[in-house]
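**Q** Chain by chain, the residues:
Protein chains: 4
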Amino acid sequence: MPFVYHRTVRFADTDAAGVVFFPNYLAICHEAYEESLAAGGIELQSFFREHDVVVPVAKCQAEYVRPLRCGDKISVSLTSAPLGADGYAINYDVHRLGRPAKLAARLRTEHVCLSAASRHRRALPSPLAAWLRRHSA
Amino acid sequence: MPFVYHRTVRFADTDAAGVVFFPNYLAICHEAYEESLAAGGIELQSFFREHDVVVPVAKCQAEYVRPLRCGDKISVSLTSAPLGADGYAINYDVHRLGRPAKLAARLRTEHVCLSAASRHRRALPSPLAAWLRRHSA
Amino acid sequence: MPFVYHRTVRFADTDAAGVVFFPNYLAICHEAYEESLAAGGIELQSFFREHDVVVPVAKCQAEYVRPLRCGDKISVSLTSAPLGADGYAINYDVHRLGRPAKLAARLRTEHVCLSAASRHRRALPSPLAAWLRRHSA
Amino acid sequence: MPFVYHRTVRFADTDAAGVVFFPNYLAICHEAYEESLAAGGIELQSFFREHDVVVPVAKCQAEYVRPLRCGDKISVSLTSAPLGADGYAINYDVHRLGRPAKLAARLRTEHVCLSAASRHRRALPSPLAAWLRRHSA
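Residue numbers (our numbering), protein chains in the order written: chain G, 116 to 252; chain L, 116 to 252; chain E, 116 to 252; chain C, 116 to 252.
Hints listed in this document are in silico derivations from the structure and should not be mistaken for laboratory results. We treat Cβ as the ideally placed atom computed from N, Cα and C, and that holds for glycine. Treat the hints with care, since some could be wrong.
[As the list claims (entries may be wrong)] FRET-style restraints, in silico, Cβ to Cβ:
id	chain 1	residue 1	chain 2	residue 2	range
1	C	Met116	E	Asp167	44 to 50 Å
2	G	Leu218	E	Asp167	45 to 51 Å
3	C	Glu178	E	Thr123	26 to 32 Å
4	L	Ala216	E	Arg249	39 to 45 Å
5	E	Lys217	G	Leu198	22 to 28 Å
6	G	Arg223	C	Ala196	48 to 54 Å
7	L	Arg214	G	Gly156	17 to 23 Å
8	E	Pro215	C	Arg164	41 to 47 Å
9	G	Ala200	L	Ala216	40 to 46 Å
10	L	Ser251	G	Arg184	26 to 32 Å
Build the full structure now, drawing on both the sequences and the hints.
**A** Printed below as a string of structure tokens:
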């Protein structure tokens with residue numbers, strides 16, 4: 116089941132071309148990811164520390180379809196997929212809301228689950244595995 | 116009447132000290148300003164262009180009281196005040212929500228109203244003057 | 116011939132994990148791109164306006180190999196490649212300097228050349244075509 | 116003796132008004148501060164940890180005189196001043212280079228020196244006190 120995050124484009128997101136600066140789409144999608152974790156009971160300040168786990172982004176990609184401007188209302192629809200036993204991918208569809216809504220960008224991040232202490236790969240803690248199942252496409 | 120904006124602190128707001136990077140408080144307060152304008156019917160993409168007006172920040176200041184961390188729920192309470200005939204100040208109180216809410220920072224921006232074409236000072240267009248009165252302390 | 120850009124990692128680049136926030140690598144690589152254009156006599160403020168051209172990023176991708184921390188000295192090595200008659204790709208290798216230098220990330224952006232006025236695809240203006248040839252792998 | 120830092124304005128610094136977004140001046144000045152510390156032998160990754168010290172920004176202010184655009188060459192001239200026994204202020208003059216150079220902004224940050232462990236105020240470690248003397252106005 117996708118997780119859907121709503122957001123307004125802010126002045127801080129834009130650049131001198133008058134549209135959202137392309138790296139900022141990744142930051143916006145990361146907000147959707149953070150919000151989906153919080154909705155799954157995973158509190159960012161404590162969870163990763165308490166479970167000795169970090170899940171850094173190993174790869175990302177983005178495809179830009181339509182520019183976004185300050186004040187635009189957007190939705191980010193997030194779905195997840197396992198990547199082996201100790202990682203996952205997240206796909207994000209960014210739409211500019213309106214009648215009709217229009218696809219603005221498609222992004223993807225790939226994450227690996229590591230022990231914070233040893234930096235070795237480790238299995239997902241169970242709340243994170245539950246989050247992954249909930250939003251699997 | 117203050118305008119109150121709610122926001123969650125995001126990973127993108129933070130720095131390697133683990134807390135919100137101090138310039139980012141200004142960007143967060145500017146979001147509150149944008150949202151208050153939109154709530155007053157002032158659409159950012161068209162209003163300034165159609166009224167030949169820009170209202171740049173001439174000065175700003177901030178006082179940091181408590182650090183903010185990723186995942187913190189915050190409120191920004193915005194009040195405005197006229198500065199002469201062709202400018203205004205905005206004061207922002209940022210609180211970290213909780214029981215009780217605690218003051219995290221106090222900020223202020225000062226704006227001057229200019230003709231976009233001539234760059235000379237000009238009076239506020241009436242929707243902006245109405246916004247200013249609505250949120251005056 | 117690659118264009119090489121040197122940079123120090125700044126506090127503003129980092130996040131609460133203590134390392135460079137993953138979208139910021141794209142902004143850093145875009146700096147290298149801007150610097151390579153300037154080195155090729157393409158002045159950002161005037162060139163695109165005077166030539167009725169914009170070259171937005173249509174796609175990007177990144178692969179993160181090693182984290183970067185505040186104060187790290189890095190190099191970004193940029194090479195370009197044509198993409199059809201009216202576009203180009205840029206590949207960026209980011210190294211953390213030291214003895215030996217170590218690969219930190221590999222990134223790629225893909226650009227399409229459009230008329231600013233019509234938004235239709237158009238051929239590269241000749242200074243941009245010369246820049247492209249100069250840095251082709 | 117002022118510390119002078121040179122910088123080119125980047126696309127990432129700008130917003131949809133076509134100029135540097137006002138909070139970003141603070142981030143640019145912080146770069147100058149980081150560079151001045153590094154020039155004084157204070158390595159950001161290790162110094163603060165090894166000396167059990169943090170020096171957060173307690174207050175800041177900015178006055179914007181002239182807009183800056185992508186590609187502009189700027190200098191940041193930094194001078195410091197003690198604030199009591201356990202703090203300091205930094206004043207930054209930002210100039211847009213050219214013939215003649217023109218003042219673009221004046222900024223100020225105020226810092227308090229704390230023990231990282233106890234969060235109590237403490238005296239400056241001697242390398243930081245030396246840095247402060249070196250750049251005092």
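**Q** Sort out which numbered hints this structure fails and list those numbers smallest first.
**A** The structure conflicts with hints 2, 4, 8, although it agrees with all the remaining ones.
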